[in-house]
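Q: Residue numbers (this note's numbering), protein chains in the order written: chain E, 1 to 328; chain H, 329 to 621; chain C, 622 to 871.
Derived from the structure by calculation, the hints contain no laboratory data. Just so you know, not all the hints are guaranteed correct.
Unchecked claim - Some, not all, of what chain H presents toward chain C, calculated at C-beta under 8 Å:
id, residue
1, Tyr497
2, Leu514
3, Ala515
4, Gly593
5, Arg597
To be verified - When the alpha-carbon atoms are kept at most 20 Å apart in a straight line, the in silico EDC-like pairs for lysine to aspartate or glutamate are as follows:
id, chain 1, residue 1, chain 2, residue 2
6, C, Lys747, C, Glu758
7, H, Lys425, E, Asp195
8, H, Lys425, H, Glu510
9, C, Lys655, C, Glu840
10, C, Lys744, C, Glu840
11, C, Lys843, C, Glu858
12, C, Lys747, C, Asp814
13, H, Lys363, H, Asp451
14, H, Lys425, E, Asp38
15, C, Lys810, C, Glu658
16, H, Lys425, E, Glu194
17, H, Lys425, E, Glu307
Model, not experiment: these values are computed from the prediction. Where a beta carbon is used, it is the ideal one built from N, C-alpha and C, also for glycine.
What follows is each chain in one-letter form.
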Amino acid sequence: MQEMALTQITKISFHRWLVPAGIIILILLAIFIPRQVDKQNIWNLFFLICLHISLGQSWNILAGFAGQTSLGHAAFFGIGALVTRTLWFQGTPFALAFISGGVAAVIFAMLIGAPTFRLRGAYFAIGTLGVAEVLRITASQNLPLISTMSGPTIATYNLQARYYLALGLALATTGAAYTLLRSPRSLGILAVREDEEAAQATGVHVLRHKLLALSLSSFFAGLAGGVFAFQQISYYPSAPFSPLWTFDALLITFIGGLGTLAGPVIGAIFFVVVREQLAVNLVEFHQVIFGILFILIVLVFPGGLVEAWERLKKISIRKEKRNVNISK
Amino acid sequence: MSIESFLQTLVFGLFVGGIYGIAAMGLALVFGVMKMLNIAHGELVMLGGYASFWAFSVLGMDPFVSLAIVIPALFIVGLVLDRTVYRHIVRLLGEEKIKNSLLVSFGLTLVLQNLAQWLFTADERAIQVAYAGEGLNLMGVTMPYTRLGSLLIALLVTLGLNYFLHHTYPGKAILATAEDFEAAELAGINIHRVYMMTFALGAALASIAGTFVTVTYGLSPSIGVIWTLKALIVIVLAGTGSILGAFPAGILLGVVEAISGAFIGATYREVIGLVIFLLVLILRPQGLFVGRN
Amino acid sequence: MPIWEELPMSKFLGINHLNASYGDIQALWSVSLKVNEGEIVALIGPNGAGKTTLLRTIAGLHRPLSGTVQLGNTALHTLPAYQIVEQGVILVPEGRRLFGGLTVLENLELGAYTQRARVARFKTLKHVFELFPILAERQKQRANTMSGGQQQMLAIGRALMGLPRLLMLDEPSLGLAPMIVENIFEIMKLTNDQGVTIFLVEQNARQALELAHRAYILEQGKVVGTGTGKELLHNNEVRQAYLGFAPITG
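Make the full structure from the sequences, and use the hints.
A: Structure below.
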């Protein structure tokens, strides 16, 4: 009996350290691997992964934690990209332009937040899609056809710096999500996700919590757009407003696990790596494969890879328990 | 603006509205009965268009005649999609069902759009019938036969759908399932078969719209998203419980777009529809046509 | 082996050790009961006892955890709801569950959806209109524009259109005026006289026990008592718990 108790205690303490240790290792890998390998396509790959982590995690804050499935995420991404790029090209120091992009996205979010939050479920989803589309069409009508970096900017282009910015943002977004979950506000937000009416009945100020989640979500999405604008040498200014960015955020979060912290991280890695692989091997067909893969994941593992992982863990825990009982 | 050009704009708004209406009714059926959001609906419109294009270019069939092939073909596609994908989603409830149907249909959008691109290339296609330029000319207003034909068939289909839903048992079973699926089960209705038929019917309606689109405008694999959005706008205008109301709502959208486009300019014509859509969503979510189908 | 399997010819309802859950909570614990052909059997018990869950499970809206539901030789518990209706087992659900946006006539027509009922529907419709003249009057009216009592009549009429062999009713008197309740109970008696077996769940225990040949008492998902209608009407515990009487002493 004593022996078993001891093993259990050491197991618990081991488990408690496993997760933070794992995270630190992951971060260290993220910092040093690209530097070690130092190939253009690796820097690009890691950059894309970090960009998509921010994209997915910021959507996750609103959809996973507050339960509001928005299809207008591209609007924030687009505004962030637009504001950052415009200010930066006009001479504003990048750091200021970058933050402004995020802030602009939040301002827009707050403007449309109150009216659209009146809608529920499917209506909210298509309403946000509609808003994002209005923005996209207006942008594509009024903005120049292409936006290209100036000669000097291209000459001093530093991919490494851009990567570490993306990495920093990915960490910050996940950190913000984590803080939100640990804060006293978190119960309120989760309550809203589970059952809005019940939450309202228990005195939770539903709108305020939704707006809080929305402001964080839009801020980080805007910053992600800024990172994109910083990285792209030339692109169509209306491209960041494309609903494809929203769908990528959905894909990533859902594949990884909606409403979990690790979800968007795992999902982004999976999504970017698989997509790059498929694009290389099956040029014409890769989107089709991806779509089918995605459908399969939604049907079989609605909780995403995180749920799959949890299920595997449960099976192994059950096996262990059985072994312990047998050895008795 | 002269009376003539105003009427001309109005009439063209009617024509395009008819296509909007047919496209939207398909989506309204699926949403009203299965309570799912199929954002791959536009892709079904697109596939219908390619089917009619194929019938025209390979078999030499007139597009309106080719409906006899296109409709059953897309009906079968709808059956297949329901059996393989959507029947797993339809058994969920409420928000979860909506979320999952959004995701799954988004995956389907990727699959269908890129499949079409792979099979048909990204080139724009159009059907040029022999009588393409000809039409009626009433009071100075031109009405091309192609567009007139589209509107007339759209009207006939709507009337046919109305009869089917209200005066035949399979149709009434669909309406009953939309009202209360458990009560429908308790009346002896096999609701899974209803779901399958409804989805297939939605695909068939989409294919009709697709045929008209190919004749009227042109076709490419990427038009799906645009038509899904149009259909969504129309069903919000009609009120999401209304299936047949989607047709007049489609006409309304077409007319409003055409007229405002004439005044504000073509570039903002798309935005008008979206803005009206948002206003209706927020201010009058039950839609503009309150009442039954 | 359960007793009723010795009598294959009579078509009646047998429930054997039925366990069922409502969401995550188990609602029925090894429930066994039977309804003989031609009987009216009532099921009474407090709120939340599992009466509705039982009816819904029989009707095929829920899959039981274990146990069986038999209609004569046919196992119902493995059939989907619509096939159970085809067997002639029809439920008038709690809260009526009409097709609100459709007319009275359309609701009744939908009641005769199964092949067997559909071929006879014109005759059945006449019969239903005789039972409920108000429905004939308001044929073209939308179902959700009618009063509670009229809706209950429509719900029963819709069920009758299906030519039930076993008619189950879940709280038909709920929220209705006494006169309408009287009417409904009369119609149940009439329908039973015409050969339809009835399984009735009721809050109104007194009227249910007066109407029923036999009854069961369900408490917390378990059958705690059974007897003829009269026996239970005179049973002290039943009188106290469900009929609101002081016990008969002496």
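Q: If you test the structure against every hint from before, which numbers come out violated?
A: Hints 4, 5, 10, 13, 14 are the ones this structure does not satisfy, whereas the remaining hints hold.
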